[in-house]
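Number of protein chains: 2
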Amino acid sequence: MPRRRKPAPGCGPLIPPLSETARPLRQQIFERVRAAGQIARVQLAKELSVSPASVTTITSELIEAGYLEEVRTAREAEGGRGRPPTALGVRAGAHHVAGIKLSDREHTAVIVDFAGNLVADEAIARVPGAMDLAAILDATETLLNRICAKAGIVRADLSAVGLGVPGFVDSPGGIVHWSPVLSTRRVPLAAAATARFGLPVHIDNDANLVTLAELWFGAGRTLSDFAVVTIEHGLGMGFVINHRLYRGAQGLGMELGHTKVQLDGALCRCGQRGCLEAYVADYALVREAQTALNLTHRETQSVGILLESLYDHAKAGNAAARSIFHRAGRYLALGLSNVVNLFDPELIILSGERMRYDYLYAKETLSEMTGMCLNTGRPAPRIETHAWGDLLWAHGAAALALQEVTAGLLGPAREMAAQ
Amino acid sequence: MPRRRKPAPGCGPLIPPLSETARPLRQQIFERVRAAGQIARVQLAKELSVSPASVTTITSELIEAGYLEEVRTAREAEGGRGRPPTALGVRAGAHHVAGIKLSDREHTAVIVDFAGNLVADEAIARVPGAMDLAAILDATETLLNRICAKAGIVRADLSAVGLGVPGFVDSPGGIVHWSPVLSTRRVPLAAAATARFGLPVHIDNDANLVTLAELWFGAGRTLSDFAVVTIEHGLGMGFVINHRLYRGAQGLGMELGHTKVQLDGALCRCGQRGCLEAYVADYALVREAQTALNLTHRETQSVGILLESLYDHAKAGNAAARSIFHRAGRYLALGLSNVVNLFDPELIILSGERMRYDYLYAKETLSEMTGMCLNTGRPAPRIETHAWGDLLWAHGAAALALQEVTAGLLGPAREMAAQ
Chain A
29 MPRRRKPAPG CGPLIPPLSE TARPLRQQIF ERVRAAGQIA RVQLAKELSV
79 SPASVTTITS ELIEAGYLEE VRTAREAEGG RGRPPTALGV RAGAHHVAGI
129 KLSDREHTAV IVDFAGNLVA DEAIARVPGA MDLAAILDAT ETLLNRICAK
179 AGIVRADLSA VGLGVPGFVD SPGGIVHWSP VLSTRRVPLA AAATARFGLP
229 VHIDNDANLV TLAELWFGAG RTLSDFAVVT IEHGLGMGFV INHRLYRGAQ
279 GLGMELGHTK VQLDGALCRC GQRGCLEAYV ADYALVREAQ TALNLTHRET
329 QSVGILLESL YDHAKAGNAA ARSIFHRAGR YLALGLSNVV NLFDPELIIL
379 SGERMRYDYL YAKETLSEMT GMCLNTGRPA PRIETHAWGD LLWAHGAAAL
429 ALQEVTAGLL GPAREMAAQ
Chain B
29 MPRRRKPAPG CGPLIPPLSE TARPLRQQIF ERVRAAGQIA RVQLAKELSV
79 SPASVTTITS ELIEAGYLEE VRTAREAEGG RGRPPTALGV RAGAHHVAGI
129 KLSDREHTAV IVDFAGNLVA DEAIARVPGA MDLAAILDAT ETLLNRICAK
179 AGIVRADLSA VGLGVPGFVD SPGGIVHWSP VLSTRRVPLA AAATARFGLP
229 VHIDNDANLV TLAELWFGAG RTLSDFAVVT IEHGLGMGFV INHRLYRGAQ
279 GLGMELGHTK VQLDGALCRC GQRGCLEAYV ADYALVREAQ TALNLTHRET
329 QSVGILLESL YDHAKAGNAA ARSIFHRAGR YLALGLSNVV NLFDPELIIL
379 SGERMRYDYL YAKETLSEMT GMCLNTGRPA PRIETHAWGD LLWAHGAAAL
429 ALQEVTAGLL GPAREMAAQ
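Keeping their order, the protein sequence lines are chains A and B.
Note that the working numbering has the first sequence beginning at 29, numbered continuously upward.
Note that the working numbering has the second sequence beginning at 29, numbered continuously upward.
Calculated directly from the structure, the hints in this document are not laboratory data.
Predicted model, so just to flag it, every value in this text is computed and none were measured.
Any given hint might turn out to be false.
Remember, identical chains collapse to one label, so a pair may be satisfied in a single copy or spanning two.
List of simulated lysine to any residue pairs, SDA-like, C-alpha gap at most 20 Å [stated by the list, open to error]: (1) 391 to 292; (2) 391 to 355; (3) 178 to 339; (4) 74 to 435; (5) 74 to 53.
Can you build the whole structure from these sequences, using the hints too?
This is the structure:
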């Protein structure tokens, strides 16, 4: 079999994002090793339905290129030094990336190695409100410098940066169409940050980052397909198909929060009517909370305090407060049932700050959801509520950076160049 | 490079359906050649982002196995006989399959060759109403024998049969959960038909068949991702991602007709409330038609005649009749906008018998749809209305059979066995 020339690690330009499904075998093998932590070649061949010979050839290339290494399993370590190790793992030191999450309260960052191990984390508080591009870049650079110092590396040691922003983001195009942290629309944030930091910067929105965090560090280690639904200020969704984040056919899909659940329904902050999030998200609850709590317009509190107060009243038996949460829960059930009827996932992960309001995944809510899923004779999908928080989102941003580094090193454009 | 043993064509058992996205390169190459009709090796390498060397190796294997052949392009034919042909095509005679569509009015069938060319078609009328499994098998066998005779082949010459039934079908599992043409639920139709005919039989539902027909013989020849929405007695959807029909993570998704568009809304024939199809499909219109046309319960006509009459009245200016079509159009717009907001397709194809009612794709309807799609700054996706009819569905059933034959010959299980 002809030997391919060894690709030079980490020195080429990043290629455009890959089609979600047309990954070459080399990349699939690398990603499966990374997800597994450590895995034997024979198991890789089985899981990917390819010949053991192909796995041996490709993993030899990846070891030679410095991306994978042979590791001793626990059993082999016990059994003495007689036989060579059979399992493979990612060579953690091959690359480092940063993940940064911009939010209304604080900006958070992590640095992880090529195997996804956390090297350092950092957060800086901020004054809430929208910023212009220059202020965002200043804040991000300050945070980036601080976390590099904490990790004991220089910025040039990073192979890429993942940057997460809430709102409506065209990740492949690098454009933020709208975000609560940005004062203008259609901002080419990825290009601006890449120019400023001298590093490849990739951007994505909240829900996709949480999904990437699950894919790289959570549920994705054992499952190939699952959905993530997040509720914070808005309602977002991410979907993993065959170990890859699916973004819709043209890169701007999965906007579950803006699917319509009522013709001419409640007003959404996007300007349209009847969006799911106009019944479930913060601002939907706030609209009715003022009525339920008998607040005048002048008494309006911050959203967080108002919702906490509403929740306390509901728990104390206030019927109006309860009915607000009850209705939001029913609409969430409707939205989840639509996810099931369209995507038929095995698992739906609920995440995001508003999940602290347990009405959203109360037994009645899940039972309503089941009642709206087409009766297939199978049990309804599992629903799990996972931890959330800005650090998780920063991890998702780091996963985005790792994904792009991997695609750049192992993707099809590189493969052709190496022939 | 080690030579693989040539796989014996058409003599092995069919393997279970592949994961939609984990296709080996061999299968991807074959499918791309088939979709293109004829294509040069260098173009294949470009489109699939793999090395020309890999394409040359794999296409040589496929030619040797008798699945592909070298063909002379029009330009080469003009230019004389000096150089060998550079383009590849599918060897049409390598396999034949039958596609059969069962419906309420008639059963239709086609036989196509391995390249998808129509060899014969046939239809038999039937008495409307649900049948039991034995009657379905009798009718299908009669039709199968008749079309084989017409094509001048015997049943054993067929490599597989695709069988399309309206209703709720688990295609990978071979089970019809519910169908208007079957008098019982949860019928293992694929296994029963396989046993009866002595041929591998694969089943699927209406919307998926129309989508497969588009994928193999229509839009799929030029597009990698698109949606198909069908309206007949119900509302169905099919979605093609990266040249493959996507069925949901566990094989039972894409039930757009049963996504909920109103909490506690109109009653659907599935027994639940607020399903999209309960506002758009035949029976939804019929419920209101009796009111609009001042019909008593005793005057009830057949659905087809009633809807034709309603349509005539609407065209003649009957305001009540118009409002029925107008509302159905608005709900269809809502459903299509949800498809756009979730899947972000470049093209949505509308198909099915009810598309003759042009209110469903009137300018106002499409404009309402655009108004409910998240504003991304890009134009709304193209909406096209394509031909429909039982023969198209039978073609889709044949495409299903071809897909399964191809997967059985070229899929990963076969690849491993051939090592």
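Verification of the supplied hints:
| no. | hint | in the structure |
| --- | --- | --- |
| 1 | 391 to 292 | between (30 Å within a copy, 19 Å between copies) |
| 2 | 391 to 355 | within (14 Å within a copy, 35 Å between copies) |
| 3 | 178 to 339 | neither (39 Å within a copy, 72 Å between copies) |
| 4 | 74 to 435 | between (23 Å within a copy, 18 Å between copies) |
| 5 | 74 to 53 | both (13 Å within a copy, 17 Å between copies) |
In summary, the one numbered hint that this structure violates is 3.
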